[in-house]
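Protein chains: 2
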Amino acid sequence: MSAIPGDPARYNSFLTDLLGVMAYGELSAFERLSSDARYSPTLHDRAVLGRIAVVEFQHYELVRARLEGMGVDAEVAMLRFQPSVDHFHERTRPADWYESLMKAYVIDTLYADYYRAVARYVDAGTRELIGQIQSAEEATAVLQERLKAALADDPRLASRLALWARRLLGEALTLAQRVSLEYPLLGGLSGLDDAGAKELVDSLTVELAANHSRRMAGLGLAG
Amino acid sequence: MSAIPGDPARYNSFLTDLLGVMAYGELSAFERLSSDARYSPTLHDRAVLGRIAVVEFQHYELVRARLEGMGVDAEVAMLRFQPSVDHFHERTRPADWYESLMKAYVIDTLYADYYRAVARYVDAGTRELIGQIQSAEEATAVLQERLKAALADDPRLASRLALWARRLLGEALTLAQRVSLEYPLLGGLSGLDDAGAKELVDSLTVELAANHSRRMAGLGLAG
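Protein chains in written order, with the working numbering: chain A, 1 to 223; chain B, 1001 to 1223.
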């Protein structure tokens, strides 16, 4: 697959969609995480989620700046993805702090995987932008630590959080498929017809699910 | 009044309280603003509130770092102010985006005034920290612009927002008096007995109320 697709207009529209969904995803993750932060059991934990939320906002700003650099109205680019992303969040409202923590962890790592996969098909400049956004592994490590500690403190949490994480994965994959196929985000890649795009989304789904499963096992949870 | 008070232990306890209430104030302003951001009418406006929320979080981080540099557990320093600050926010839940915008503006400017007043009584290092936190006038200008535009679009908003701003002022002054006197925050300043602290708080109240009134007039609202 070529890194810079052949049809510039088609690629440009693909890129606008990709950056649009990234921008809106980051902006809404920021809002949800920072709202959830208030339910943290300690002030220390509130700051942990807050710090991660702030990083999401900074990602949003980077992507927005790139869209505007392309002469695209970031709001317009984001708007078409708002219903799908909002729907995802409506369906995955955490019931407490532990579920918020898990949601932050699952979203953070799935975003990173999704971006890494998509980065294979974009131009060098966009790949660099995606690299900047991905480099928040420190935040992910903090979440992982915090989840491990919570699970060690209260083993009964494990089954609840395992179930919750599976629901999050299911909703997130549905979202990823929807935005990738409906818009048609990945169909905009040069050389991909509808069947090719579908195949790409399917293999992406398998990859995301496998990575997620490995991470859950790392927490001692059944994936 | 001397800039560096005479009794080091007393001053240190004053400073811990001052930084504690500042840190908790900034952390909760961050959470409230970023939660409110979701109700903004446009994605552009969501980002406006989000950006201001992020600045509050950065302020929180600065103050927390200072507390930890003093060997103080920031969580402990913040905890005693949590009930009062939470109570303030519970009593001032915005009903919509315009009320959120006004709340952000009122809080931002009152914090700045309060910090400026308190900076007169602290050591040079703390004064510098307060200066860093105050220098977000750009954010304030954005809020002011946005409020002016909203009021120009819908003149019926004026009476509702004027009333709301008066309530915010009343609750904020109550909060400032409570944290200043009860703890006894300002009483920790060298050379101030209870009566002196009370006098200081009273003059601060008058100053904050006058500045607020001037700003409301600047928006075309009855203070």
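Be aware that one or more of the hints could be misleading.
[Said to hold, decoys possible] Chain A is faced by these chain B residues, among others (derived, beta-carbon under 10 Å): (1) Tyr1011; (2) Leu1033; (3) Leu1043; (4) Phe1057; (5) Thr1140; (6) Gln1144; (7) Lys1148; (8) Leu1204.
Hints listed in this document are in silico derivations from the structure and should not be mistaken for laboratory results. Beta carbons: idealized from backbone N, C-alpha and C, even for Gly.
Hints, verified against the model:
1. Tyr1011: violated (24 Å)
2. Leu1033: Cβ of Leu1033 (chain B) sits 9 Å from chain A, so the hint holds.
3. Leu1043: Where the cut-off is 10 Å and the nearest Cβ of chain A is about 5 Å from Leu1043 (chain B), the hint holds.
4. Phe1057: OK, holds: Phe1057 (chain B) within 10 Å of chain A, min 5 Å.
5. Thr1140: violated (19 Å)
6. Gln1144: Constraint on Gln1144 (chain B) not satisfied, violated at 22 Å.
7. Lys1148: Since the shortest Cβ distance to chain A is 21 Å, the answer is violated.
8. Leu1204: violated (27 Å)
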